[in-house]
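Engineer: Chains A and B, in that order, give the protein sequences. Quick note: the first sequence, position 46, residue 46 per this note's numbering, numbers continuous. If you want this note's numbering, it's the position in the second sequence, counting the first as 1, plus 1000.
Take the hints with a grain of salt, since some may be wrong.
Stated by the list, open to error - Listed below are the simulated DSS-like cross-link pairs for lysine-lysine, each with C-alpha atoms no more than 25 Å apart in a straight line:
#1 A:K307 with A:K318
#2 B:K1171 with A:K318
#3 A:K24 with A:K43
#4 A:K332 with A:K230
#5 B:K1186 with A:K307
#6 B:K1186 with B:K1171
#7 B:K1039 with A:K332
#8 A:K83 with A:K58
#9 A:K43 with A:K56
Said to hold, decoys possible - Computed footprint of chain A on chain B; a stretch qualifies when at least three of its residues, placed anywhere within it, have a C-beta under 8 Å from a C-beta of chain A:
#10 1135-1147
#11 1154-1161
#12 1164-1174
#13 1183-1191
Since the hints were derived computationally from the structure, they do not count as laboratory data. Where a beta carbon is used, it is the ideal one built from N, C-alpha and C, also for glycine.
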Amino acid sequence: MRVIQLCESMSYGDGMSNHTLLIKEGLRGAGIDTEIYSDSIQKNVPEGAAKLYSDKFKVRPEDIVLLQFGLGGRVARDIERFKCRRMLYFHNITSPHFFTGFNNKAAVEIIQGYRLAHRWAETGTFDAVLTCSSFNRDTLLELGFPRDIITSLPGPLMLLPSESQIPDAKMVAKYSDGRTNVLFVGRISPHKKQADIVRAFTYYQRHIDRGARLFLIGGGSDEPYGRAVKEYIAQIGAENVIFPGHLTDEEVLALYKCADIFLCMSEHEGFCQPIIEAMHFDIPVIAYAAAAIPETMGGTGVLLREKDPVLIAKWMEKLMCDDAFREDIIAKQREREHFFDQKRTTQCVVDAIERFANAPWKTKIS
Amino acid sequence: MINCVARSLIAGSKNKTGMGKDMEIRKATAVEEITVELKNQIRLEGLSCDVPEFAPFSVANIPAGLTEEGKKYLQESEYCTSLLETTPVNYRRDITSHFRFLSFIVKPIKKLIRKLVRFLLEPMVEEINTNRLMTATALSELQACLREREESLTIMSGMITEIRAEMEVLKADNLYLKETVQACRKGEADA
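Put together the whole structure using the sequences plus the hints.
Structural biologist: Below is the structure:
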């Protein structure tokens, strides 16, 4: 029995790619033969970590094919041809309406992804479905997947930086100058609402802290939404809004080390891994309560139910001025981060796959 | 009807015994309390946001050169996308009937209507929506392509004008040189 993981693309540092690699490690640790096949593999992926989907491979009826699904693509469309047991790991699909007008092509692809998932639910393509949040589970139920085949696990597998990794010294020296550093990490994309972050930050900068800086880390700043955000920044006269672009691991680490506040205004997340990364670096998180974010934060950090830039700015001021309160927030966040301990979450996934593998054919896992 | 009766029974029992689990006043968290305080502070100080909202699709921000038809497709694709987003969710609700004694008629009728919608109309609506979105994409790409061509033509036209001007200058120079050579030859001949 082998577990073959399928995904659309593998890229070093990408959340879904790390998650897939960690599952592979976990399965091999449990003595299960496993491999990853991806439609595209970036050069920065370690040698031998995954194979190209175009390389021919056969499956036997006792094998399990585990599809890592975030949008769709060739691998997802081919899934029904694999005559073996099939599992789906659902990472959620962004709602297409966010992209309309910015990237209509992406909106069409997303709609096609929804149609594909909907067809899978209708035809019972998968024998079991795993996901990482109740929000994702609810999305699956809305798509029509039966409740009894869905297992909601405590978070995706995440590769958080270890203590041994060294941040880029120059960057740390440059930005550890006493000025407030506000951070958000995530692809510059319409559903992540970087424009709303800019708006709240601009009010904070104008009226409370003139020297503050905002780092928007993530690719996509040259895409339509990214360009629109840059035009917006110019229009409202926001200063010190930095799009670092492509960064090395050490540079990302440096920015996390220098950050004072993590500000998230995203309106659609299946989990939001950067929030846990921020907690790992003891950065207080202010986030808008949407999608899976309240669940990810688990009552810690600062969760706001409205996007009032003045209120957000006041909260930022509170976190920067009230040390005792800030420490309390950070302490609670540390506890929350431990809930998503990598060993624990890996074991949960491996256990779920093993239970499914050992169950009789067509039996659902619990 | 059953749901209404059940709700009133549950409400009644809760009134007798005090707070039920769902009705218990949830203790406000520290964050919620502070949020209320901050909101009060904002209200007292009369603060309001002076940063304009992000409005990428205001009239001024629609891509330049997009025709009325293009704008119409853009707006329609937004509408169609939100329609598509809600459609797969809504029709999965359980079929209910408000009147229990009529449910043996109402439920099958609702099921039949739902099946008709699902199998006949939904694929057609999805196809139309997808086509509209693709048309909007194609239109905006065509617009971008035409703009690029226009820019290239403008540049080339400018270059042609410059070259013509240079040619005129060279012609004038050429004429002057010819006249000078003729004058020199005539001078030599006279000499």
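Engineer: Are the hints correct? Go through all of them and say.
Structural biologist: Here's how the hints hold up against the structure:
Simply put, K307 of chain A and K318 of chain A have alpha-carbon atoms about 17 Å apart, close enough for the 25 Å limit, and the pair holds. Taking the CA atoms of K1171 of chain B and K318 of chain A, the gap is near 77 Å; set against the 25 Å cutoff, the hint is violated. In summary, the hint linking K24 of chain A to K43 of chain A is supported, as the alpha carbons are separated by about 19 Å, within the 25 Å threshold. Distance check on the hinted pair: K332 of chain A and K230 of chain A sit about 35 Å apart at the alpha-carbon level, beyond 25 Å; violated.
About 91 Å separates the Cα atoms of K1186 of chain B and K307 of chain A, which puts this hinted pair outside 25 Å; it is violated. A C-alpha spacing of about 22 Å is found between K1186 of chain B and K1171 of chain B, which places the hinted pair at or below 25 Å, so the restraint holds. Taking the CA atoms of K1039 of chain B and K332 of chain A, the gap is about 24 Å. The hint holds against a cut of 25 Å. Note on K83 of chain A and K58 of chain A: the hinted pairing holds, with a Cα-Cα distance of about 10 Å set against a maximum of 25 Å.
With a CA separation close to 21 Å, the supplied pair K43 of chain A and K56 of chain A stays within the 25 Å bound. With 3 residues having a Cβ less than 8 Å from any Cβ of chain A, the region 1135-1147 of chain B passes the three-residue criterion, so the hint holds. For the region 1154-1161 of chain B, the assignment as covered by chain A is violated, since 0 residues bring a beta-carbon within under 8 Å of that chain's beta-carbons and 3 are needed. Only residues whose C-beta sits within less than 8 Å of a C-beta in chain A count toward coverage, and the region 1164-1174 of chain B has 0 of them, not enough to reach three; the restraint is violated.
Residues of the region 1183-1191 of chain B lying with their CB closer than 8 Å to a CB of chain A number 0, which falls below the three-residue condition for coverage.
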